[in-house]
Amino acid sequence: MNKKLVAAALGLAFAAPVFADSSNVTLYGRIHQALDHQSSDTAGAESGGNFAIEDVSSRLGVRGTEDLGGGLSAIFAYEFGVNTDEVSAAPMTTRHAYLGLKGAYGLAVIGSQDGGNDSQAPLYNQASLIGSVSNNGGPLTTVGSSNAGTGQAITREQRVGNSFGYAGNFGGVQINARHALSNGTNDQANNTATGLKENDTRSTEIAATYKIGALTFGGGFQSIDSQEVTQNALNATSGIEQVIQGVVSYNFGTFTLGGLVAQKNLYAANAANGEDSNTEYAISGTVPLAANSGIFGMYADSERNDLAAPADVTQAQIAYYYDFSKRTRTYVGYNRLNNEVKASGVETDTDNFTIGLRHNF
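Count the sequence shown with our numbering and you get residues 1 to 361, in order.
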């Protein structure tokens, strides 16, 4: 009996590596630091003017695939945001965590998603093609990021949990989609009081992008549908109901020019100015100076009637980048954000001068 147990144990020990080798797992990450100088001016009153070291979306993750046969693979990833510029009680946060299948008809994933790896953030990633959205400086730099406290003229929903994602390519058209059950609320109090199964906000978005030669263009749509209890609150606060956007980029050889136009429809007219929509546009350009360096510039304008104090927001940015290698980049840039409150006409200018260094591994 003992000999049989020993033989079985040895058999399992030698068999374990066979199963482990069938899965391809990769550890990866990014360290991204910036030295940022920020100052602001509100109606002639200046503030700030200090230097600060900022972490810019550093991360650590693990991803992998397993061949299931017949052209089908299992895919998975878990990515943490890490704070590299200060000691923190909570130094790591979840960026995305998903599990899914990938095959001839595309990929489908479920979990928390932010548009990295195989997770989906359709409108965010599409808008980022021209470097004009949120704290993502497009394919080039991050200057005056939200980490430095400056904000942006144009934002898109990047990271959501409780979501399904899909990506596929049909006839050269890249399709990316995501359906999110935001917060995943299953509130017992609401169930009892209203008879609702859930009190939740659902967001569905899809983007289609096509590339032919030097031209890339596409469009995207997001619809935010709330359940009854949440809907009443959104109606009262002018939450965003729909987003429609179009993007285009063309590589002229010596430089690349990109543009974005978008419309946001709100749940209710804002009481301050009677507006029920936002209009946004942006233009960007990239001029390579050498194989590993270049200049990036961007201008964006956005109506923000969904704010408590509706405003017109503009953003202008210019940056120089230099790549030491495919994985290491340094850059220097300037960003100005102008916020003009519609009701009072009061303007706030926020200026950022940033020097950054980024390394992927």
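Simulated from the structure, these hints should not be mistaken for lab results. Remember, predicted model here, so these are calculated numbers, not experimental data. Some hints here could point you the wrong way.
[Unchecked claim] Straight-line alpha carbon distances no greater than 25 Å define the calculated SDA-like cross-link-like pairs of lysine to any residue that follow:
#	residue 1	residue 2
1	Lys211	Gly259
2	Lys326	Tyr267
3	Lys326	Phe361
4	Lys326	Ala177
5	Lys211	Asn265
6	Lys102	Ala90
7	Lys211	Gly168
8	Lys102	Phe76
9	Lys211	Gly29
10	Lys102	Tyr78
11	Lys211	Val173
12	Lys102	Ile31
13	Lys326	Phe170
14	Lys211	Phe170
15	Lys326	Gly345
16	Lys211	Ile240
17	Lys326	Val62
18	Lys102	His37
19	Lys342	Tyr267
20	Lys326	Ser112
Each hint tested on the structure:
1. This hinted pair checks out: Lys211 and Gly259 have alpha carbons roughly 15 Å apart, not beyond 25 Å.
2. For the given pair, Lys326 sits about 45 Å from Tyr267 by alpha-carbon distance, which is inconsistent with the 25 Å threshold.
3. As the CA atoms of Lys326 and Phe361 are separated by approximately 10 Å, the hinted pair is consistent with the 25 Å bound.
4. Only pairs whose Cα atoms come within 25 Å are accepted, and Lys326 paired with Ala177 is rejected, the gap being roughly 29 Å.
5. Pair hint Lys211 plus Asn265 does not hold up; C-alpha atoms about 28 Å apart against a cutoff of 25 Å.
6. For the hint pairing Lys102 with Ala90, the CA-to-CA distance comes to about 34 Å; that exceeds 25 Å, so the pair is violated.
7. For a cut-off of 25 Å, the pair hint linking Lys211 to Gly168 stands: about 14 Å separates their Cα positions.
8. The hinted pair formed by Lys102 and Phe76 meets the criterion: a straight-line CA distance of about 10 Å does not exceed 25 Å.
9. A distance of roughly 29 Å separates the Cα atoms of Lys211 and Gly29; the hinted pair therefore is violated under the 25 Å criterion.
10. Between Lys102 and Tyr78 the alpha-carbon distance is near 17 Å, which keeps this suggested pair within the 25 Å criterion.
11. Between Lys211 and Val173 the alpha-carbon distance is near 8 Å, which keeps this suggested pair within the 25 Å criterion.
12. Restraint check for Lys102 and Ile31: not satisfied, since their Cα atoms lie roughly 29 Å apart, outside the 25 Å limit.
13. Taken as a hint, the Lys326 and Phe170 pair is broken in the structure, with Cα atoms around 30 Å apart against an allowance of 25 Å.
14. A distance of roughly 12 Å separates the Cα atoms of Lys211 and Phe170; the hinted pair therefore holds under the 25 Å criterion.
15. Distance restraint check for Lys326 and Gly345: the Cα-Cα separation of roughly 46 Å exceeds the 25 Å cut-off, and the hinted pair is therefore not satisfied.
16. Taking the CA atoms of Lys211 and Ile240, the gap is about 30 Å. The hint is violated against a cut of 25 Å.
17. Our distance criterion of 25 Å between C-alpha atoms is met by Lys326 and Val62, whose separation comes to about 20 Å.
18. Of the supplied pair hints, the one linking Lys102 and His37 is violated, its CA atoms being roughly 44 Å apart against a limit of 25 Å.
19. Between Lys342 and Tyr267 the alpha-carbon distance is near 20 Å, which keeps this suggested pair within the 25 Å criterion.
20. At most 25 Å may separate the alpha-carbon atoms for a hinted pair to count; Lys326 and Ser112 exceed this at roughly 28 Å.
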